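Peer 1: These protein sequences, in sequence, are chains A and B. Just so we're on the same page, this note's numbering is the position in the first sequence counted from 1, plus 16. Just so we're on the same page, this note's numbering is the position in the second sequence counted from 1, plus 19.
These are calculated hints, taken from the structure and not from any lab test. In this text the structure is predicted, and so the values were computed from the model without any measurement. Glycine included, C-beta positions come from ideal geometry on N, C-alpha and C. Among the hints, erroneous ones may be present.
[Claimed, not checked] Beta-carbon label-pair distances, calculated as ranges:
(1) A:E506 / B:H175: 45 to 53 Å
(2) A:A503 / B:D434: 19 to 27 Å
(3) A:E506 / B:R232: 38 to 46 Å
(4) B:E102 / A:K521: 55 to 63 Å
(5) B:D55 / A:N352: 36 to 44 Å
(6) B:N288 / A:D379: 53 to 61 Å
(7) B:Q371 / A:R126: 50 to 58 Å
(8) B:D388 / A:Y422: 32 to 40 Å
[To be verified] On the chain B side, residues computed to face chain A include the following (Cβ under 8 Å):
(9) Q71
(10) E88
(11) I130
(12) P407
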Amino acid sequence: MKLAYWMYSGPAHIGTLRIASSFKNVHAIMHAPLGDDYFNVMRSMLERDRNFTPVTASIVDRHVLARGSQEKVINNITRKDKEESPDLLILTPTCTSSILQEDLNNFVQRASMETESDVILADVNHYRVNELQASDRTLEQIVSFYLNKAKKLKTLDLQKTTKPSVNIIGLLSLGFHHQHDLVDLKRLFNDLDIEINQIIPENASVKELNLLPKAWFNFVPYREAGLLTAKRLYDEFDMPYVDITPMGLLNIKATIQRIQSILSDCNCVRNYDNYINLQTKYVSQAAWFSRSIDCQNLTGKTAIVFGDATHAAAMTKILVKEMGIDVLWAGTYCLNDEQWFQQQVKDLCSKIIITDDHNLVGDMIAKTEPNAIFGTQMERHIGKRLNIPCGVISSPVHIQNFPLSYKPFLGYEGTNQIADLIYNSFTLGMEDHLLDLFGGHDTTESLTSTLSADNLIKWSPEALKELGKIPGFVRGKVKRNTEKFAASKEYDLISLEIMYEAKEKVNS
Amino acid sequence: MQTSTQNNPTFECETGNYHTFCPISCVSWLYQKIEDSFFLVIGTKTCGYFLQNAMGVMIFAEPRYAMAELEEGDISAQLNDYEELKRLCLQIKKDRQPGVIFWIGTCTTEIIKMDLEGIAPKLEADIQLPIIVARANGLDYAFTQGEDTVLAAMAHRCPDTNSKHFPQDNKKSTAIDNGIIIFGSLPEPEVKQLSYELSKQNINIKGWLPSQRYSELPIIAPGDYVIGVNPFLSRTATTLMRRKKARLISAPFPIGPDGTKEWIAKICNVLDIIPEGLDEREADIWQNLEEYISLIRGKSVFFMGDNLLEISLARFLIRCGMIVYEIGIPYMDKRYQGAEIELLRKTCDQRQVKMPKIVEKPDNYNQLDRIRDLQPDLVITGMAHANPLEARGINTKWSVEFTFAQIHGFTNSKDILELITRPLRRNNGLKAISDNIYTRPTSVN
Chain A
17 MKLAYWMYSG
27 PAHIGTLRIA
37 SSFKNVHAIM
47 HAPLGDDYFN
57 VMRSMLERDR
67 NFTPVTASIV
77 DRHVLARGSQ
87 EKVINNITRK
97 DKEESPDLLI
107 LTPTCTSSIL
117 QEDLNNFVQR
127 ASMETESDVI
137 LADVNHYRVN
147 ELQASDRTLE
157 QIVSFYLNKA
167 KKLKTLDLQK
177 TTKPSVNIIG
187 LLSLGFHHQH
197 DLVDLKRLFN
207 DLDIEINQII
217 PENASVKELN
227 LLPKAWFNFV
237 PYREAGLLTA
247 KRLYDEFDMP
257 YVDITPMGLL
267 NIKATIQRIQ
277 SILSDCNCVR
287 NYDNYINLQT
297 KYVSQAAWFS
307 RSIDCQNLTG
317 KTAIVFGDAT
327 HAAAMTKILV
337 KEMGIDVLWA
347 GTYCLNDEQW
357 FQQQVKDLCS
367 KIIITDDHNL
377 VGDMIAKTEP
387 NAIFGTQMER
397 HIGKRLNIPC
407 GVISSPVHIQ
417 NFPLSYKPFL
427 GYEGTNQIAD
437 LIYNSFTLGM
447 EDHLLDLFGG
457 HDTTESLTST
467 LSADNLIKWS
477 PEALKELGKI
487 PGFVRGKVKR
497 NTEKFAASKE
507 YDLISLEIMY
517 EAKEKVNS
Chain B
20 MQTSTQNNPT
30 FECETGNYHT
40 FCPISCVSWL
50 YQKIEDSFFL
60 VIGTKTCGYF
70 LQNAMGVMIF
80 AEPRYAMAEL
90 EEGDISAQLN
100 DYEELKRLCL
110 QIKKDRQPGV
120 IFWIGTCTTE
130 IIKMDLEGIA
140 PKLEADIQLP
150 IIVARANGLD
160 YAFTQGEDTV
170 LAAMAHRCPD
180 TNSKHFPQDN
190 KKSTAIDNGI
200 IIFGSLPEPE
210 VKQLSYELSK
220 QNINIKGWLP
230 SQRYSELPII
240 APGDYVIGVN
250 PFLSRTATTL
260 MRRKKARLIS
270 APFPIGPDGT
280 KEWIAKICNV
290 LDIIPEGLDE
300 READIWQNLE
310 EYISLIRGKS
320 VFFMGDNLLE
330 ISLARFLIRC
340 GMIVYEIGIP
350 YMDKRYQGAE
360 IELLRKTCDQ
370 RQVKMPKIVE
380 KPDNYNQLDR
390 IRDLQPDLVI
400 TGMAHANPLE
410 ARGINTKWSV
420 EFTFAQIHGF
430 TNSKDILELI
440 TRPLRRNNGL
450 KAISDNIYTR
460 PTSVN
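Isolated chain A, as found in the complex (with noise of 0.2 Å):
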């Protein structure tokens, strides 16, 4: 047992959930108690999706517990099958099912032979892996699903197009930014003049996986889910794949110049190196803003990096090498990809930690007291707490998270977003503390009585402590219609009585 406040990264299922509801008419049956549909209540809240999410329950009840699912399953999976006539079905099972070790593949077998729709089992375990794995994984699994089923059905396409095509890899439902990204990666192939062949799981067709193997290359932008299936394409079709985040300057030229060797090695000459200059110089403000002269105010002001895997390399590398400011120490919550991570900061920065305990990360950057911090939400708080400012780069999210204006991390317009969310983090660090030095704000004892109805009405002590309750942004509001009731009914003390009068008969 361990305790626990707060996690980094969801449970297996949230994973698989997040790879179902990406496809188009991909519909997910959990195996779960009842509530544990939550799943539907963050992409619908979070998103904003208009659409009902597909993903359904199976809901496991004292009746399950005592003889077992038995047809429940079974005749649920069809009845989706039915409703809805997806493509795909996908039975999900969660903490629950995992313990009460029903055998679901057998569920999924006779289900299959009445349905219309294919229908698999996700294939992970809640105690062995996290969200983050089960998207890798699943996303694997359908893949080579249809691509054995194109095997069988003889409709796998290997021919490659005839102008170079990438397949990208890894955008997800309640993915960190996914949408913004995907217009910038779309803009960059478009410059780059490569054909996108597949974007998966976004909103791509289960139907059409089957044409994956004729892309040039595969591109997977992040590295919690996608690699896998890129490593099973190069596997099985020989498809190079490009696992650099063109995050930052440094990352896309990068990113830029792989994809260049990789076309270069199917005897398609290219040079970038023009476009990347031009981009960089123009397109991109980041390197200007850098070199500006207001930037130098920058110089050896000190952050701390803390995130995902991708997010937190890519932005400590940024931090370094493009804006000159020293990463006291970096470090991810994605304990399973340690390795890679140290191998990209180790030369960035003096410490690298790697947990997934928030605690931890919270004595970290009260220890080390950096001007910054860029993490996730559960940083902001930590930061809000020490008075830290705190710029959001990763999931674990909230729902402002999910900005409607457009916001890439990727690509040449991420790097102007990144440059400014920097910025502005340490400017308004500087503000505070130029507001300390001169005493704050002015100071608000002056205004309230102004915007107080008339001092001559009193409160009672309870009715006092009653208005200190109701919460900050209200109060002056609930204060003065008191007191303007109180006024109009010539009463000359509040009682509670009287303000709960005055709240029942004052329309607000």
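Once you have looked at the hints, place chain B on chain A.
Peer 2: Then chain B, alone, in the frame of chain A:
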């Protein structure tokens, strides 16, 4: 009226494929209510993930709750449950110094049959800290029923003699006994407001379960009158009656002015008190609600059902002149909610409307079908369906807000209508930009 004979409630039961919160969510409001408590949820990452996301910003405020996250060794019984729990509880005791630790059992502890009730008394003696076990799991319960399991477990701990407060020989204590004990966790302002209403009728509140601190649990003696404030507290009611030999006052719940009046009137009735000014008070509140009621009169509403407040809310809204198409509800205790159902029936008679269908353990998929056919003016539903319905031109109110908002008593009646009318007021305001975009299609997919 001749309709009254036809207006018997109809109950249906569907498949139970509906969306609701896991009952462990009750820790989020109970840890705030019981100030010296610490809630330890013994479960998996799945439970933790739910709480972390459902509680939103609360999670960053160093809540007095934590997960005892079960690992593979716990599941396969390679680790000793007692030793593991002891280790964690000692750490909690050291770090937080709570007055009581609640263990919340989950689906996993049920399935692996972890004997929490057996371990707790031993550990309690060992570490000198009360430990209360509540099995608030998704195998058996929905959302607010979590609180019910916790309060039922707490009821066992209420002292049953008043010997420590009153000298034994003082027979006068029976006179003071002429009061009630209220059960159900409400925010402090609501506790104050309801207490104020009762004090106006000279009703003595002997205690409240839960109290603000564990150490202030009310004394419940055999024969004491108890009354619930929320419709989802049936286990607590049963425990109080069977184990503490208390007498349950069955009344509608104090939600809406009608419910509040009936609730108080029923208490008065039982205690032989003639209520004073109660009808005037109710009429007064109704009058002040007119502005809101004019917005919803004649409009239709559909409860998908997820928190057990549905019957009381539907009853209040019918009284406000709304048409209720369906009352979905996770679980229907016809005995505990008997008086509430009776008031619903009476309200329907009064308004001369048909009694709505009550659907227990609803099937959300079928409900969406019915919503498509009925095109109600408002659907009260969970967040999983709210945005997709809005995108299809159907107004929704997120049901969980009713659990967290203050909705009890006369004073807060307005807040219920504030919530109910919010989507209507807002969407009216947006007519110019979105009316022709988010229309109601004939087929909803």
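Peer 1: Please go over all the hints and tell whether each is borne out by the structure.
Peer 2: Hints and how they fare:
no. : hint                        : result
1   : A:E506 / B:H175: 45 to 53 Å : 52 Å, holds
2   : A:A503 / B:D434: 19 to 27 Å : 24 Å, holds
3   : A:E506 / B:R232: 38 to 46 Å : 40 Å, holds
4   : B:E102 / A:K521: 55 to 63 Å : 60 Å, holds
5   : B:D55 / A:N352: 36 to 44 Å  : 40 Å, holds
6   : B:N288 / A:D379: 53 to 61 Å : 60 Å, holds
7   : B:Q371 / A:R126: 50 to 58 Å : 53 Å, holds
8   : B:D388 / A:Y422: 32 to 40 Å : 38 Å, holds
9   : Q71                         : 6 Å, holds
10  : E88                         : 4 Å, holds
11  : I130                        : 5 Å, holds
12  : P407                        : 5 Å, holds
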